[in-house]
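Take 1 as the starting number for the sequence shown in my numbering and just add one per residue.
Derived by calculation from the structure, the hints in this document are not laboratory data.
Just so you know, these numbers come straight off a predicted model, no measurement behind them.
Glycine included, C-beta positions come from ideal geometry on N, C-alpha and C.
There's no promise every hint is true.
Stated by the list, open to error - Straight-line C-alpha distance at most 30 Å; calculated DSSO-like pairs for lysine-lysine:
(1) K95 with K84
(2) K51 with K62
(3) K62 with K26
(4) K24 with K84
(5) K66 with K51
(6) K84 with K66
(7) K24 with K51
Claimed, not checked - If you anchor each label on the Cβ, the simulated ranges turn out as follows:
(8) A73 with I103: 42 to 50 Å
(9) R77 with Q115: 53 to 61 Å
(10) Q114 with A74: 34 to 42 Å
(11) E104 with K66: 55 to 63 Å
(12) E83 with T44: 49 to 57 Å
(13) E31 with K51: 46 to 54 Å
(14) N79 with I103: 30 to 38 Å
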Amino acid sequence: MKIFKTIGMVLIAMSLPANAEVFKCKSAKGEIIYQRSACTPETTQGLLNIKEMTPQEMEEAKANLKAEQEEEAANDRANVEAEKQRQSEQERQEKLDLERRGIEAREREAIAAQQRSGGPGRGFIYPPPYGSGGHY
Numbered sequence: 001m002k003i004f005k006t007i008g009m010v011l012i013a014m015s016l017p018a019n020a021e022v023f024k025c026k027s028a029k030g031e032i033i034y035q036r037s038a039c040t041p042e043t044t045q046g047l048l049n050i051k052e053m054t055p056q057e058m059e060e061a062k063a064n065l066k067a068e069q070e071e072e073a074a075n076d077r078a079n080v081e082a083e084k085q086r087q088s089e090q091e092r093q094e095k096l097d098l099e100r101r102g103i104e105a106r107e108r109e110a111i112a113a114q115q116r117s118g119g120p121g122r123g124f125i126y127p128p129p130y131g132s133g134g135h136y
């Protein structure tokens, strides 16, 4: 995202008339420095020729900048929407987890209550599973 802003600033700067000279200075260590004033005697100097943009190039640069800004805005909107969906899904999952834990807790309570009462079937008489009277 920041690269688009940097490119935009460069394009805007390039669209302005270039009247200033820029000096390219190379130090004894090999470092290259760009500056507005002349280089010091202990550095090697080079003068850069800055080409002015034609009106057509300026319009193209502005159109490119606008397109990049629109694309960046669209990407930002998509990222915001994706984050909202992710957050919504996370909240839904947390709600389901909470419900699941509640159900599990109620099941544990029911099992514990059955165990305290002696379990199911105490004091009850059940008929045999094969039917009444034992006839087939």
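A quick look at each hint next to the structure:
Straight-line distance between C-alpha atoms of K95 and K84 comes to about 16 Å, which keeps the hinted pair within the 30 Å bound. As the CA atoms of K51 and K62 are separated by approximately 17 Å, the hinted pair is consistent with the 30 Å bound. For the hint pairing K62 with K26, the CA-to-CA distance comes to about 34 Å; that exceeds 30 Å, so the pair is violated. Between the alpha carbons of K24 and K84 the distance comes to roughly 49 Å, so the proposed pair goes past 30 Å and is violated.
With a C-alpha separation of about 23 Å, the suggested pairing of K66 with K51 holds against the 30 Å cut-off. The hinted pair formed by K84 and K66 meets the criterion: a straight-line CA distance of about 27 Å does not exceed 30 Å. A hinted pair counts as satisfied when its Cα atoms are at most 30 Å apart, and K24 with K51 qualifies at roughly 16 Å. Against the hinted window of 42 to 50 Å, the Cβ-Cβ separation of A73 and I103 comes to about 45 Å, which satisfies the hint.
Between R77 and Q115, the C-beta spacing of about 57 Å keeps the proposed range 53 to 61 Å intact. Remark: the range hint 34 to 42 Å for Q114 to A74 is contradicted by a beta-carbon distance near 60 Å. Our hint of 55 to 63 Å for E104 and K66 holds, since their Cβ atoms are close to 57 Å apart. Here the CB-CB span from E83 to T44 is close to 52 Å, well matched to the stated 49 to 57 Å.
Distance hint for E31 and K51: a CB-CB separation of about 26 Å, inconsistent with the stated range 46 to 54 Å. A hinted range of 30 to 38 Å holds for the C-beta pair N79 and I103, which are about 36 Å apart.
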